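Listed in order, the protein sequences are those of chains B and X. Under this note's numbering, the first residue of the first sequence is numbered 208, with each subsequent residue one higher. Under this note's numbering, the first residue of the second sequence is numbered 1066, with each subsequent residue one higher.
In case anyone wonders, no lab produced these hints; they're calculated from the structure. As the structure is a computational prediction, the values presented were derived from the model and not from experiment. The beta carbon of each residue, even a glycine, is placed where N, CA and C say it ideally should be. No false leads were slipped in.
Chain X stretches covered by chain B per the calculated footprint, using a threshold of three residues with CB under 8 Å from any CB of chain B: (1) 1176–1183; (2) 1187–1195.
BS3-like mimics (lysine-lysine), calculated; alpha carbons at most 30 Å apart, straight line: (3) X:K1107 with B:K398; (4) X:K1183 with B:K329; (5) X:K1110 with B:K268; (6) B:K268 with B:K329; (7) X:K1107 with B:K268; (8) X:K1110 with B:K217; (9) B:K217 with X:K1076; (10) B:K217 with B:K436; (11) B:K288 with B:K323; (12) X:K1076 with B:K267; (13) B:K268 with X:K1189; (14) B:K329 with X:K1182; (15) B:K329 with X:K1189; (16) B:K323 with B:K293; (17) B:K293 with X:K1189; (18) B:K386 with B:K217; (19) B:K398 with X:K1081; (20) B:K288 with X:K1183; (21) X:K1182 with B:K288; (22) X:K1183 with B:K268; (23) B:K267 with X:K1081; (24) X:K1110 with B:K449; (25) X:K1081 with B:K505; (26) B:K505 with B:K217; (27) X:K1189 with B:K217; (28) X:K1107 with B:K436.
Here are the simulated distance ranges between beta carbons: (29) X:E1188 with B:Q407: 58 to 64 Å; (30) X:T1184 with B:D401: 49 to 55 Å; (31) B:K234 with X:N1178: 40 to 46 Å; (32) X:K1182 with B:D246: 28 to 34 Å; (33) X:K1182 with B:A252: 36 to 42 Å; (34) B:S256 with X:S1106: 42 to 48 Å; (35) X:E1176 with B:N322: 33 to 39 Å; (36) X:K1107 with B:K234: 48 to 54 Å; (37) B:L402 with X:D1179: 45 to 51 Å; (38) B:S237 with X:K1107: 55 to 61 Å; (39) B:S237 with X:S1106: 53 to 59 Å; (40) X:D1115 with B:N260: 27 to 33 Å.
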Amino acid sequence: MKILLISLQKLGDVIHSFPLIQGVKSKYPSASISLLINDEASGAAELISDIDNIYLFPRKKLQFLLSNQINSISTPYYNLKTFIEKINNQNFDLVINMTFTTLSAKILDLLHSSNKIGISYKNSQTQTKNNAWFRYLNELASSNKQPLFLYQDCLSKALNIPIKENLTKSADINLKNKKIVFQLTSADPRKQLDLNIWNQVFYNLIHNYNISKNQISILSSENEYQELKAFFDVNVINCNLKQAFDLINDSHLFFSVDTSLSHVAALTATDQIVFNLGPAQPNKISPYKTNVIHVIPKINCYPCSHFKGCSQVTTLCHQALDIFELTEFIYSKTNSIKNDKALSQFEILKSFKDNFGIYLSTPDSVLRAKIENKRYQLSNNLNQNIPIKTLTEVTL
Amino acid sequence: MQFDNDRSFKKYNQWKSLFIPNNLDLTNAQIIILGTDNSFSKYFKTDFPDTNVFFLNCHSVDDLKNLLTQFENKKYDYIIPNRMFWGNADSPAYQLMQNLYQSLIGKNIKELNDEIKKTTGDEKLTWSVLQELVL
Chain B
208 MKILLISLQK LGDVIHSFPL IQGVKSKYPS ASISLLINDE ASGAAELISD
258 IDNIYLFPRK KLQFLLSNQI NSISTPYYNL KTFIEKINNQ NFDLVINMTF
308 TTLSAKILDL LHSSNKIGIS YKNSQTQTKN NAWFRYLNEL ASSNKQPLFL
358 YQDCLSKALN IPIKENLTKS ADINLKNKKI VFQLTSADPR KQLDLNIWNQ
408 VFYNLIHNYN ISKNQISILS SENEYQELKA FFDVNVINCN LKQAFDLIND
458 SHLFFSVDTS LSHVAALTAT DQIVFNLGPA QPNKISPYKT NVIHVIPKIN
508 CYPCSHFKGC SQVTTLCHQA LDIFELTEFI YSKTNSIKND KALSQFEILK
558 SFKDNFGIYL STPDSVLRAK IENKRYQLSN NLNQNIPIKT LTEVTL
Chain X
1066 MQFDNDRSFK KYNQWKSLFI PNNLDLTNAQ IIILGTDNSF SKYFKTDFPD
1116 TNVFFLNCHS VDDLKNLLTQ FENKKYDYII PNRMFWGNAD SPAYQLMQNL
1166 YQSLIGKNIK ELNDEIKKTT GDEKLTWSVL QELVL
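The shape of chain B in the complex, shown without the other chains (with noise of 0.2 Å):
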């Protein structure tokens, strides 16, 4: 049997859905299973196993081809028809869409396979076929509406394909010198604190915690390597996804403030802080593991929109943060032992706990019905027997 699985979303966000493909492998356990990315999602080919192609959209190619004036029309044209031919000469049993977005539905509908799932677009509109997850979805998409979800559980509803969690390996503690890994920006600014509040953590970290310069590393993509290397004074790695990887498994806490990299530390056993700041929203994009922590402000503009700058006159979010408290949450998590519950710690950070919320993603939400009544009303189509991940909030 061929199985194409068709994901063209962001690097970060194709990362998330390893857990689903895992699970796709696993109810065919003897299919050949191929994977349909963007092209600038390539990098994610590297972390993943049991994918036997990948097939690159030429997204870059076709829209250059299309804003360069030079090139007739039908250069793109074919481009892109030549590309859907070679899909479909591969006779796929079955063809999977696990991207929920109108240029996903339209080549599903292109691609020829006798057993289609996942949205499609026919008659000009989005198509579910009377599935209650993919009309949550459709509906989420066309709404601008915050998710209640992760999108990776709704597909797997959707899908009726289980998600577990596929830790490369179990940390130990022993071996790893409490080593703290840090990603501290993003392509969004507002996601990401001013570089010198973290230079003065660091600083505090050393000096009055007793944490060893060399435990602390900061990874860096090559685009921002010797910005970032001027101007911290602890290792700044230059390192590609896979070595980001080997890293982060390599160490006992990871603390991030952007999705790509808090989704590869997903697929290792290593604790991990997720700072959720701007538009940062982890019901939507929280890493597929129990027990991350989600640090998310509590203030009333929070989140902001993808889509508009801040709405302050300054930037709230940041500034609700105390550098000492943050000094003293990253100590108490970098010597709490892995996996407690009792996150006693985090109770003298007072202040700390009142600009800011704590969460855990948990695979059991006691919150799941509650949030469901309240802002959205699922069909009752849905099975309500399994668990949805979404957060808990901690109570200190």
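With chain B's structure known, arrange chain X on it following the hints.
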């Protein structure tokens, strides 16, 4: 990186929401932005540090063509009008920018829409996939 939330930053974000869709990756892209000012270019360069951007100020289509000849050996991925800085839709400056836009990117979009109208079946669907990819 923090910005003061002044009027120009609001305008910049309005412009960005109109012309830079979320799914448009400008990493390492060569782009030309028509019309600019200092704060706009500061915001843009901070927002898209890996984009090679050229800001051009021009006053007519011919003026623009002359300027573009200076880039004749440079491939550019996108030309994006900085329309938010050209006043309201009735202003002469705005109308000029609209014309510039139509003479550049707008040409391809129009051809694309024409193809979608006159085709059917998979051919129409293929054209409409391309439509999803344009600005």
